[in-house]
Every structure is written in C-alpha cells, then in structure tokens.
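> Quick note, the sequences are listed as chains A and Y, same order.
Going by my numbering, the residue at position 307 of the first sequence is 307; the numbering climbs one at a time, nothing skipped.
Going by my numbering, the residue at position 219 of the second sequence is 219; the numbering climbs one at a time, nothing skipped.
FYI, nobody ran anything at the bench for these hints, they're computed from the structure.
Accuracy of the hints is not assured; some may be wrong.
Below, in silico cross-link-like pairs of lysine-lysine (DSS-like), each with a Cα-Cα straight-line distance of 30 Å or less [to be verified]:
id	chain 1	residue 1	chain 2	residue 2
1	Y	Lys78	Y	Lys251
2	Y	Lys251	Y	Lys85
3	A	Lys240	Y	Lys207
4	A	Lys240	Y	Lys78
5	A	Lys148	A	Lys161
6	A	Lys240	Y	Lys199
7	A	Lys240	A	Lys276
8	A	Lys171	A	Lys161
9	Y	Lys78	Y	Lys178
A quick note: this is a predicted structure, and the numbers were derived from the prediction, not measured.
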Amino acid sequence: MGYRSHLILVAAILASFVVSLYSQYLNPYYLDVAINVGVNVILAVSLNLINGYTGQFSLGHAGFMSVGAYASAAVTMFLGPRWLGERTALLFFPALLVGGIVAALAGLAVGVPSLRLNGDYLAIVTLGFGEIIRVIFRNTDQTAQAIKRWTTEPGGWVGLKNWLKDTGWTKAILDDMEKLGGALGLQGIPAYANFFWTFGFAAVTIYVVTSLVNSTYGRSFIATHDDEVAASAMGVNTTKFKIIAFVVGAFFAGIAGGLYGHFKQSIDPRGFDFIKSIEIVVIVILGGMGNNLGVILSAILLTVLLEKLRDFGDYRMMLYSFLIIVIMLARPQGLFAWPLGRKDAAPKP
Amino acid sequence: MTAPATSDALLRLDRCTIRFGGLTAVSELDLHIGANELVGLIGPNGAGKTTVFNLITGVYPPTEGGIFFRGEALRDQKPHQITAKGIARTFQNIRLFPSLSVFDNVRVALQLHQRGGFVQALLRGPDFHRAERRVEAEVVEILDIFRLGRFRDAMARNLPYGDQRRLEIVRALATRPKLLLLDEPAAGMNPTEKVDLMKLIQFIKDKFSISVLLVEHDMQVVMGVCQRVSVLDYGVKIAEGGPEQVRRDPKVIEAYLGDKIGITNSK
C-alpha cells in the first residue's frame, strides 16, 4: 500500500511512452497544445511548491524557465555536436538535467539573500530577477561581440586579450555566446522533446512535489506558510525549508524550459518575460494554492482555454483576462479548492 | 525559600539587558530555573515578560548579559536551534498552524526528532514508512494523554478556544523540552477553565518531569501552582521568592496589585 505512488509514477511514464509512439498520427496542432499543457503542468506544480505550500510569493518562475531553456539548448547545440557528433540525441536527457541544475543554482543564488524578505518584497525581488535574466539573454551576443572587438584593439591588457583570442576554449565560449543570445532569440534547437519526455517529466514533477508534501518536508513547508514564528519555535528551520522549496521549484522550471525549447526549436527572451511568470501564478491561484490536483487541472484548463480563444483573434487576451476575473470572483478560493488555499483559512488572532 | 545554587540551574539569565532604541525593555535581569521546578514570572502589562521569553527563545539577542541553558551559552542560536536543545514555548496569542490538522500540528513538533532526509522522502522506501509510522504512533499517544484524540483530524483553526490553548501546550511538549515556557496560558479563560489549567500545568510538570516557566497575568493561577515567583516591573526584577512572600512584598503590592488599592484609596 505504501508503494502506490511508485506504481502510479511508473504507470504514468509508461502511458506517456505508449501515447508517444502514436503521436505521429496525431494532428500536429493538438500535439502542440498537449506539449504546452505538459510544460505548463510542470511549471505550475513546481511553482505551487513555492507559492502555494510554502507561501513564498515568487514572480520569477519564467526567469528560471529561461535559464533552463538556454542552458539545455547550449548543451545540445554546442557541446553535443563536439562530443558526440551525430549521436547528440543521447545527450538530451543530461541536457535537461543540466538545465534543471543551472536553474536550481540560479534559484539558490536568488533565494539565499532574498528569502529573508516576505510577501510583496519577495515578489518584487523575484520579478526583478526575471527581468535581469531576460536582459542578460537579450545581450549575450552583443557582449560577446564587444569582448571580441576589445581583443583586437591595440593597447590595454595585452596578456588577457591574447589569452581570450588564442586559447581554444575561451574562443569557443565567445563564439557560442554570440550564437546563443540576442534579441532575435536562439533558433535551430534540435527537436528532441516529444510527448514522452514532456509528460514523463510532468509525472516526475508531480511525484516529487507530492512526495515532498507528504513527508516531514511538506509539513514543514505548510507550517512555514502558516506561521513562521511558530514554526521556528517548534524547531522548524524555516530558512532552510524556504530555500529547499525555492531550489526544487526552480529545478523543475528549468526542466520545463528545456522541454519547451527542444519542442519549439527556438526560444526568445521575450517569451520568458514577467507576463509568462504571471500566467503561471494565475494557474496556481485558480487551481487553489497548495492543492496539487487543482493546479494540474487548472494548468490543463487554462492552456486549452487560451488556445480555444484564438478564434477571437485580437480579443483573445481581453477575453482571457475577463474570464479569469469572472473565475476569481466566483471562486476566490480556487477552482478546485482545498482548505489550505482559502483566503479565510488563517484567521490571525 | 532559598534559591538553588547557580551551578545546578537548568536555565540561567545572567544580567540580561535588551534595549530597543532608547527603551530598555529588560534591565539586568537575573533569573534561574532549576530542574523540575515551576517558576512564575509576573508583572503588570508592558513589564517585559514576553520580551524575556523572546530573549530565551532566541527571537531577540540580548543587548548585554548572557543566557545559559544546561551550562551552555545560548548566544547567537536561532529559535529552531534553541528548541532542539530543549526549550519549547507557547504564545500569548495562540499561534497554531491553521491549515494543518490537529494531528499534523503535533507531528510538525515531533519531527524535530524524526530522522530521514530529502532522498528518503522521495524514494519512500521501508525506512521512510517505518519512521512515519513511529512518529504517528507518538502523536496518537500524546494526543490521547491530553484527551485531544477525538479532534485528531479536525483543522486546528476549528477547535474551541480552550482546546486550541491546550493543543498549543501539547504541541510545545511534542518537541520533548526540558523547559516549557508558557506565555499567559490563562488568557481569556473562565474560572473553571483556569482551575483545569492549573491542574494541567501541575500534571505536565510531574508526568514529563520538566521545568516550567509561567508568564501570567492572572494571580490566582500563578499563586496556585508556582513554587517560586519573580516579579518584573518596567523591565526590572523587583521581587523574587515564594508565592506568599511575594504577595506580601510592599514593592509588588505597589507595582502590581497596588494600582487597584491605589484607585480605591485615592480621593
């Protein structure tokens, strides 16, 4: 009985594998929507760990997603061909992990100094982080070009210039940086992501978050969410648990970014702006903060809804916002609520 | 009653001072609590009683002076580390975890002693389940001792007021403290509930053989259970001793009980 969650995980991965075998017969448009759903499920469930269960309002999820997207694309586009040549596809899974780990490190770097802030302040810091990341990816090509120009100029720090110009790997890094970034985005990412990888990782994300929530970790997350002072008085190291939630959430956002990039085959810094972060926050809030099932359902619902509204052309985003307002008014506790997410859940004496 | 020698004190505050800006909230406070002793800390509103709790539990570091628990200095320890060393507390305004059930409120506190890391939580192997079952059994046991078993699946916020107070004490006990700090546990209780509370405090002290430091406003409760009482006024300790001795101390009457007499005696 205690192993039911393992069985469900294995069954879900197998199911996505079987469906993936037949996905070529699927209408490509529906496949595209399905992959979007899978990516959004990963993003929303991982954000739910941070915003829902642990109660740390982060607006930087798209930033972590873009870090993962660029990092994993760098592995399959630049490292892969050098190391494995034609067999770069083998590197896809490690590339996704690299994307996740780099995003998790970014989460650690952002989280450690900023998690002492609460509520609105944390939201502002994470929002700023997302924008910084976006600006960095917009300008990597310019930066690389500027460094290259600088090395050809006379005078200055000749030793460093020669090292940058003549050492094989520094030159390669500058070349890759030039190709990686820029306002036009990164094109030509190999199309490795498919139904299997996306939904396999969605299943893993759900498994990991649910397992954490149903363990000593989860109860510590919720205690931190409810009352930090009381939690630390009960021996809960609140800072540690906030950072764990943040890092695990960022890791899966990075994985989602990697999957997204390797499906769309091109990524663009503008695709990871704060609108994207807010889109994920909206999914979490509508699903019910701290309610994994609700968040999964709302990720599916909102992704499909956004697609269906394409028929309305220019009015699409207007209608989308209008529908969200209506849902918020009708179900402020979340569409699929469970007590934790309820706004009246914590009457402070 | 003579004070026990400092060496065998469980908790010792040594000339503790804390200032917030220009305000000295607690000034050169000496306090000691022996093993299995029930000590009261009383004083009028704003005397600095809760600040003393916040000093002991590491919420604020003292500006001057030291705090020693079982001979070890608590300086620069974080609240959760101090709890792990064996000091647990309750709060003046109840601070349960409202989104957790009664059961999980206690379980969070017991987790302090639960082994198992990140990987075990993810793999969910036999070890993980065994550790979970063990803690669950302990939660059931402690809830039953305090007759809260019937509420185990209720959300903490839905409990009646008196039971919430009791649950908060139980939750603090679940961290297995050597010293329990109770911050105005009788606040908002009626006389019958107060009598029950006094019995409960006595019961806890004997059953778990721990020390209790009781901050209280209510003289009936303090005089009823405490072996020794310290009186704070404007952050300064003005008296210390047995309940009867303190009750007759003119300084205490003036500072604490005196305002009543003062009102009746004034023209």
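> Going through the earlier hints one by one, which of them does the structure break, listed in rising order?
Result: hints 1, 2, 3 and 6 break, sorted rising.
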